[in-house]
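> Make the full structure from the sequences, and use the hints.
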Amino acid sequence: MNLFQLPLIPELLLGFAVAGRRPSLWKFSSDPEVTDYLTVFKEFEGRRAAINWYRANKELPIPYGDVSVPTVLIWGNQDIAIGRSSIEMTKNYMKGEYTRIELDAGHALMQEKFEQINHAILSHIQRHPI
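According to the numbering used here, the residues represented by the sequence shown are 1 to 130, in order.
FYI, nobody ran anything at the bench for these hints, they're computed from the structure. For every residue, glycine included, the Cβ atom is placed at its ideal position computed from N, Cα and C. Take every hint as true, because none was put in to throw you off.
Here are the computed lysine-lysine pairs in the BS3-like style, where the Cα-Cα straight-line distance is at most 30 Å:
#1 42 to 113
#2 91 to 113
#3 27 to 42
#4 58 to 95
#5 58 to 91
#6 58 to 113
#7 113 to 27
Computed spacing ranges between beta-carbons, pair by pair:
#8 84 to 55: 19 to 27 Å
#9 50 to 101: 21 to 29 Å
#10 35 to 81: 17 to 25 Å
#11 17 to 57: 17 to 25 Å
#12 88 to 5: 23 to 31 Å
#13 45 to 97: 37 to 45 Å
#14 31 to 64: 34 to 42 Å
#15 45 to 121: 30 to 38 Å
#16 92 to 17: 32 to 40 Å
Listed below in structure tokens is the structure:
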């Protein structure tokens, strides 16, 4: 997160990371998905837009409070961006039904464990219809 706060450097580094090769983060993505990603990330403004999401989330004053709605958190224990301590502290804010699912996966959960995630989300929605 701190690296993403620097001006221009993250956009340039991400540009080098996608130049002429398939980044390992996308190893579970299909060829058409990678083509779509590269269409966005090969352009400086596409990289800036993605990084600005992290910049905005770092700067927002978030008033954390208790969460009373039924919640399912699905986490990949090999995620390079979200650490175990953050995931474990989340339960402190959960006052409603809370389920944590830990998968042997990384940051690209939907590509790595689609069936398991799809099943968990659909089960959660079926148990808690709106």
